[in-house]
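J.: Top to bottom, those sequences are chains A and B.
Using the working numbering, you'd call the opening residue of the first sequence number 92 and step up by one each time.
Using the working numbering, you'd call the opening residue of the second sequence number 92 and step up by one each time.
Just to be clear, a hint being listed does not mean it is correct.
Claimed, not checked - The calculated SDA-like cross-link candidates involving lysine to any residue, where the alpha carbons are at most 25 Å apart (straight line), are:
#, chain 1, residue 1, chain 2, residue 2
1, A, Lys-139, B, Tyr-323
2, A, Lys-251, B, Ser-285
3, A, Lys-195, A, Lys-139
4, A, Lys-354, B, Ala-136
5, A, Lys-349, B, Arg-110
6, A, Lys-349, A, Val-337
7, B, Lys-341, B, Glu-135
8, B, Lys-139, A, Gln-329
9, B, Lys-139, A, Ser-344
10, A, Lys-251, B, Ser-280
11, A, Lys-349, B, Leu-142
12, A, Lys-354, B, Ser-150
13, B, Lys-251, A, Ser-280
14, B, Lys-263, A, Gly-241
15, A, Lys-251, B, Gly-205
16, A, Lys-251, B, Arg-245
17, A, Lys-305, A, Arg-172
Because the hints were derived from the structure by calculation, they are not lab data.
As the structure is a prediction and not an experimental result, all values here were calculated from the model.
One letter stands for each residue in the lines below.
Protein chains: 2
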Amino acid sequence: MLGIFDSGLGGLTALRELRRLLPEEDFIYFGDTGRVPYGTRSHEAIIKYALQDMRFLMSHNVNAVLVACGTVSSTALDALRSQFSIPIIGVVDAAVYAAAAATKNGVVGVIGTGATISAGAFARSMAAAAPSVKLISTACPLFVPLVENGFIDRDNEVTKLVAESYLSDIRKGGADTLILGCTHFPIISPIIESVLPNVTLINSGAEAAAELAKIAWNSGLLSHGTGHTEFYVSDEPQGFSHVAAVFLGKDISSETQKIDIDKY
Amino acid sequence: MLGIFDSGLGGLTALRELRRLLPEEDFIYFGDTGRVPYGTRSHEAIIKYALQDMRFLMSHNVNAVLVACGTVSSTALDALRSQFSIPIIGVVDAAVYAAAAATKNGVVGVIGTGATISAGAFARSMAAAAPSVKLISTACPLFVPLVENGFIDRDNEVTKLVAESYLSDIRKGGADTLILGCTHFPIISPIIESVLPNVTLINSGAEAAAELAKIAWNSGLLSHGTGHTEFYVSDEPQGFSHVAAVFLGKDISSETQKIDIDKY
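Same shape as in the complex, but just chain A (with noise of 0.2 Å):
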């Protein structure tokens, strides 16, 4: 059984993507819905919390884990493979690799929540891996409350202002390329598009869902299950149905269960 966790359910790009991938494998998947969004915490709190949600994962015997979530990817990683010895992959050095092989000019952007472009991680793995590449970072913390009221029709105005506004430092960079280092953001990648036409747009969760998916299967963690996967959040699962059908493409409420995340 594979895992993968994030601050809410954002996440569910990924696991769509991994059971594309992956469809004889059993997932788990767990979304802090009781204290989304991590974004905005502090460094503590954020790594506080990726323990206790990873805890929560190996008590259910997991081989690996995908991190869905940018700011734990960004500000946690190392923190959680000091304590757990299982492959965890985050949705940074994937979709970093990525996008170094897709610019064809050189110049990259990133964007993420506040915690995530402050925490500086896309930043310094992409001048491990192609020193080379201008990378140009941008915090685009209202996305995740836009795409969670809805407010993502590819016409939607509020939302095009707001990337019009949040994108031009990358626009005026001259980017090829831009990482999505928030698994809320491909939801609105046409609105991204129409602002920053003719650039190679990197789902970062995607990107994560390949790599686990390659170390699974070479490393042998693969459980040739029968492609269930278990649903657990931390607040009551009645009213996510919307936000999970734009995630997921389906409704999910009813197969969820609530745990209480402060006992991990």
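Dock chain B against chain A, hints included.
T.: Chain B only, in chain A's frame:
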């Protein structure tokens, strides 16, 4: 000593009003910044959090409490009053009385978070206080992230566009009075006024502060202290300086202490 709690820092606007009304009183403020926002949580989670917030204030021997959070005031006040015998003032009733007194044409609007509006507490309170008043209720879930991300200037095109969309039913309905049912909303009252000219805005936090001051005075609950305020939060105080300055007019991050609210 009087206590105030909120899901985050919005309640500082109510604290400011209380300090103006009672300059010699001592106050204790708790902002649950590690679990903000409450407006998207389940009913069960909101009650659990509100009871913990209240127990923390009781551990400091407060004589009365102002619940500055519109979500808690709308969904959990009865649960709090059933467990604690001191006066507990929410932001609903005082604002409803003020709006019923202010309206001339008998049509009042109320805006709040999703949880506040769907709880229906403003509608029930108005039906009891002034049954002839027609109340138009609208959830404005994006206003809180817009305020917290600094989209607050009078000319901000994004917030104006969101406000025009959210407030169109209230405008069409002909309301002459609007209750701001969330302590974040007074920060963008110039934008709300530009969308709804000639509408009287009722600041629910300020109305609740006036009610608490009156009750504390009449019931002999004032401690005649030194005008001191203690600030507590549930996440790291660093990084709050900008938001606190927006709400309180000064940076309080250096004098704010972090507590572990899960222990209460």
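J.: Which numbered conditions among the earlier hints are violated in the structure presented, ordered from lowest to highest?
T.: 3, 5, 7
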